[in-house]
Amino acid sequence: MNKARRNPFNIAAMHGALIVYTLIALFPVFVILINSFKTRKAIFREPLSLPDAESFSMIGYQTVMKQGDFFLYFQNSMIVTVASLFFILLFGAMAAFALSEYRFRGNTLMGLYLALGIMIPIRIGTVAILEMMVATGLVNTLWALILVYTAQGLPLAVFILSEFMRQVSDDLKNAGRIDGLSEYTIFFRLVLPLVRPAMATVAVFNMIPIWNDLWFPLILAPAEETKTLTLGSQVFIGQFVTDWNAVLSALSMAILPVMVLYVIFSRQLIRGITSGAVK
Amino acid sequence: MGKSRIRWHIVVFLAPAVLVYTAVMIFPLFNTLRLALYTEVEQSRVFVGLDNFRRLFGDPLWSEAFWNALGNNFWFFFIHMLVQNPIGIALAAILSHPRLRFAAFYRSAIFIPTILSFVIVGFAWKLILSPIWGIAPDMLKAIGLKSLYAPWLGKEEYALTTLALVSVWQFVGIPMMLIYAALLSIPEEILEAAEVEGITGMSAFWKIKLPLILPSIGIISILTFVGNFNAFDLIYAAQGALAGPDFSTDILGTFMYRTFFGFQLQLGDPHMGSAIATSMFGIILTGVCIYLFVIQTRIRRYQF
Chain B
2 MNKARRNPFN IAAMHGALIV YTLIALFPVF VILINSFKTR KAIFREPLSL
52 PDAESFSMIG YQTVMKQGDF FLYFQNSMIV TVASLFFILL FGAMAAFALS
102 EYRFRGNTLM GLYLALGIMI PIRIGTVAIL EMMVATGLVN TLWALILVYT
152 AQGLPLAVFI LSEFMRQVSD DLKNAGRIDG LSEYTIFFRL VLPLVRPAMA
202 TVAVFNMIPI WNDLWFPLIL APAEETKTLT LGSQVFIGQF VTDWNAVLSA
252 LSMAILPVMV LYVIFSRQLI RGITSGAVK
Chain P
503 MGKSRIRWHI VVFLAPAVLV YTAVMIFPLF NTLRLALYTE VEQSRVFVGL
553 DNFRRLFGDP LWSEAFWNAL GNNFWFFFIH MLVQNPIGIA LAAILSHPRL
603 RFAAFYRSAI FIPTILSFVI VGFAWKLILS PIWGIAPDML KAIGLKSLYA
653 PWLGKEEYAL TTLALVSVWQ FVGIPMMLIY AALLSIPEEI LEAAEVEGIT
703 GMSAFWKIKL PLILPSIGII SILTFVGNFN AFDLIYAAQG ALAGPDFSTD
753 ILGTFMYRTF FGFQLQLGDP HMGSAIATSM FGIILTGVCI YLFVIQTRIR
803 RYQF
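First to last, the protein sequences are chains B and P. Counting from 2, one number per residue, gives the positions in the first sequence under the working numbering. Counting from 503, one number per residue, gives the positions in the second sequence under the working numbering.
Hints should not be assumed to be uniformly reliable.
[As the list claims (entries may be wrong)] The list that follows gives simulated cross-link-like pairs (lysine-lysine, DSSO-like), each with its CA atoms no further than 30 Å apart:
(1) P:Lys643 to B:Lys42
(2) P:Lys657 to P:Lys643
(3) P:Lys648 to B:Lys42
(4) P:Lys657 to B:Lys42
(5) B:Lys42 to B:Lys67
[Claimed, not checked] Where chain P lies over chain B, by a calculated footprint (3+ residues, C-beta under 8 Å):
(6) 25 to 38
(7) 75 to 87
(8) 99 to 110
(9) 147 to 158
(10) 250 to 256
[What the hints assert, rightly or not] The following label-pair restraints were derived from C-beta to C-beta distances:
(11) P:Arg509 to B:Asp172: 17 to 27 Å
(12) B:Thr137 to P:Gly764: 19 to 29 Å
(13) P:Gly720 to B:Tyr185: 37 to 47 Å
Keep in mind that the hints were calculated from the coordinates and are not lab data. Using N, Cα and C, we set each Cβ at its ideal position, and we do this for glycine too.
The following block holds chain P by itself, in its conformation from the complex (with noise of 0.2 Å):
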């Protein structure tokens, strides 16, 4: 290494990957948050401070579909958060069942939704719900609920929330592995002891293994949060990117795309859509702090 101070070969085991990630990630994501500030006039950039955000939240014209779509993508988190996790906490409570045969092929039978694109997973709903196919209806029939049958991705009171179900449908994959990780990791010795108690079965689940998977239930929360603001993909393939009927499906993802890439006759706005994803930024960086610091430092954990 010679008396030189700089040691080359750090510099050059670092370069590639700190260059490429701030070049197109870290640069780009703040160049994105100063040009909510600016505005197009005239083909030329003109800084205008919070304008663009004061038009967002609070002109009629932009704040309509701005409220929508936060209401909507709120909607579409509660529903993962009361379906999709309390689903793959409970498949992974059974699939960690010590002598269940076969969980090898539940599970890995029940993560092949996760790893379908949202096209195929949109589609595939579309045309299953759809009432001109009729597989919907007639599998209600059979079971003489007919009458219960709407065309769900086409009325405006349960687009979302069939949507959102689709996604639940496709993601609980995810909350199932993690937390069956963590139910594996919990030592026997712990689980013998209470047993001793006479904790067993349900009570067990709730008393023992509950309270020591916490620290997982707060990362799959948390990735459901960033997730679902972020969500763009499936309401663009069911939808389209005007997230039909009348916006219902709207969120977060679909308003910016139509915002900055503009559709049909509105002209793509670069500056309102900066606008909209430093919103949606300021959103998941809350949700990021949140569970940071006031989640994961309460939250109890137990070293083995």
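Only chain B is shown next, with the shape it has when bound in the complex (with noise of 0.2 Å):
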């Protein structure tokens, strides 16, 4: 057996290292949220104790529900994510069965065209695809966000999925042609439901960078009505430097909405990652 196995020492090492880091990993966070509950003299006095009943405040919170429209903003993240991984998921796939399921003339062609942009990232077009949302009209609409992410997704959700899809038994599928289905229940009846656990390591991946992204919002959807969470949060902090109790507030709850995405996603996040999904 492994010496360090056997040895307490190292053990106790080991869990010192990662308790440490861990600290570390969630010290700002935790910082920010007993902040966002405390009175402002309490946050410059001591900022490291938790809020008691004398230091306690919810004044930040009644200004940034007075100030900003964080439900618009979340409704706007909500939509633009939403929307996005069903286009991904739903055109990904589709495109995935064609690739892994029929031979024909240009697949391998295809199939590299379509992973070219896996390494590329999208926001090197910007300048072109602002220039085409302007022509289009699309600019300041959710439309424009859910198109560019949905493009940005495709290329990774179509090489997974076509890994996977590889794997659903021939048999199963030419069962199901001898019964006279068609190509397109094929697809939808027997294929997508045995590779549902692909589709949600797809969407995972995808949902976090949909959600959290400032670029696109910032050049594309700028105006009042469709800021997603991330730029509102972005602009309202800009506007209130100076009020610490709205800023820490602003954040924590900018925090909240990932946080529950993460205690809810985290198991399907983690098994995709290391299921070697990426590799």
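Put the two chains together into one complex; each comes in its own frame, and the hints tell you how they fit.
Structure below.
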């Protein structure tokens, strides 16, 4: 057996190192959250102590609720994220099915073409994307963001999903064909349910970068009614720099939805990464 | 299917993805490369060949900012390679220890910063490091190192490194997870065979595990490279579009944003913006090619 496995000192040192790093990882989040519930005086006097009866205050949250349209921002972020994920998964799965199921001329080439976007970031094309969105009148609409995120997510989705679709048994599909099912029915009824775990992985990988993106909302949809939560909190915090209560509360409110998503999906996310979906 | 040669269902399955991808990603990408060859004279677009690049690389008005941003970007990347990836590998090596308890808890907790947006991360650290709030100086004082404190984000000589370390703090979870996955996939027999030979503990890591996870280290290096040369959000959230103090934290992403969108008194210039985007494209493409053709072909892969 490994020496380290027997040596209690080594085990303690490993826990020590992990605890130290965990504290480093969580400390800033913790500081922001506890201070968002304190009075201005307490924020400065004792930044590291928990709020108590005397220092507790919701004044920051009240300012945020009054000034910022956080529910609208939240709704916009929700719409953009959910719609983009829907299109990434639907279009990605359809293309992955075509590439993995049928042999046709140009199949490999098409696969390579779609894979190009895995490594080249879509941001490089921003100037032309903005021109196009202005020309088509999509600028300052949520559709601009949905289209961009769909295009951005498709390459990796096609790549991961076609790996998984190759593993779906041919017998099953051929049995369906003998029963007279159309290719579309085979895809939607037989294949899609079987690759559901892979779809979940793709969804989780795409969800957080879309939700957190600042670049495209800033450039394509900066209007008040299309601001996403990330852009909205950036602008809000920029305006309220000196109001520490409001800034800390806004940060906490921005942390909350991502943390909820993470708690729900962290097992899926970690399983996705560790199962080698991105290798 | 009948006798028709075109199997329409293939077209139907492929079309949506190919159309969206081509129209919103590939076409704009090439269009941006093309726009870099034009300039605007009296509100009409004029072809000027490589003039924009000559200005960008040679005309002091532009080149000073460009080389500054490029140099800063390389430093940003260098810090990530030097700090983020070794810490990620070390954490993964500890986590993959077979008898470690609470591994899942540590793993999830250390990954939390990675899921937060740059806006949250940028502002949270800005507040913590701020001399006004005093958390960082007070903590240093508690361990008797108060003299080490400086307003790091406000000093030209420290600001970029500080932001790079904040970014490392945020993204350490990604190399950790990928390396962790690679370490778990090493078969137990190999490690046992090494133990029989007396190779255990640290030397097992250096001699057995590290060579086996080299392909994953290659992947995290290229992911870091592409991510860093495409970075923008953190600097913008923490320091604003001007990437202060005095452009000391300016990287290609922020430089492109300012050029293309304009700021304060300077008007936006989509053509110079495209020229910067084209340079970024060239740098990223070079990095990816080096990875694909030089590094990936040299790394020995082991099949289990």
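- Task: Decide if the proposed pair is consistent with the structure: Lys657 (chain P) and Lys42 (chain B), CA atoms, cutoff 30 Å inclusive.
- Result: holds, 28 Å
- Message: So is the stretch 75 to 87 of chain B in contact with chain P by the C-beta rule, three or more residues under 8 Å, or is the coverage claim wrong?
- Response: n = 0 at 8 Å, threshold three: violated.
- Message: For a C-alpha distance cap of 30 Å, please report whether Lys42 (chain B) and Lys67 (chain B) respect it.
- Response: holds, 22 Å
- Message: Verify this for me: three or more residues of the stretch 250 to 256 of chain B with a beta carbon less than 8 Å from a beta carbon of chain P.
- Response: holds (count 3)
- Do the beta carbons of Gly720 (chain P) and Tyr185 (chain B) sit within 37 to 47 Å of each other? About 40 Å separates the Cβ atoms of Gly720 (chain P) and Tyr185 (chain B), which means 37 to 47 Å holds.
- Message: Can you tell me whether the CB distance of Arg509 (chain P) to Asp172 (chain B) sits inside 17 to 27 Å?
- Response: Since the Cβ atoms of Arg509 (chain P) and Asp172 (chain B) sit about 21 Å apart, the hinted range of 17 to 27 Å holds.
- Query: Given the hint that Lys648 (chain P) pairs with Lys42 (chain B), does the C-alpha gap stay at or below 30 Å?
  - Reply: holds, 23 Å
- Verify the coverage statement for the stretch 147 to 158 of chain B against chain P, using a C-beta to C-beta distance below 8 Å and requiring 3 or more qualifying residues. holds (count 7)
- Given the hint that Lys657 (chain P) pairs with Lys643 (chain P), test it: the Cα-Cα distance must not exceed 30 Å. holds, 20 Å
- Does the structure keep Lys643 (chain P) and Lys42 (chain B) at a Cα separation of 30 Å or less? holds, 21 Å
- Message: Please check whether the stretch 25 to 38 of chain B has three or more residues whose CB lies within less than 8 Å of a CB on chain P.
- Response: Coverage by chain P holds for the stretch 25 to 38 of chain B (7 residues, Cβ < 8 Å).
- Query: Does the Cβ pair Thr137 (chain B), Gly764 (chain P) satisfy 19 to 29 Å?
  - Reply: Once the Cβ atoms are compared, 23 Å apart, the range 19 to 29 Å for Gly764 (chain P) and Thr137 (chain B) holds.
Going down the numbered hints, you'll see the structure goes against just number 7.
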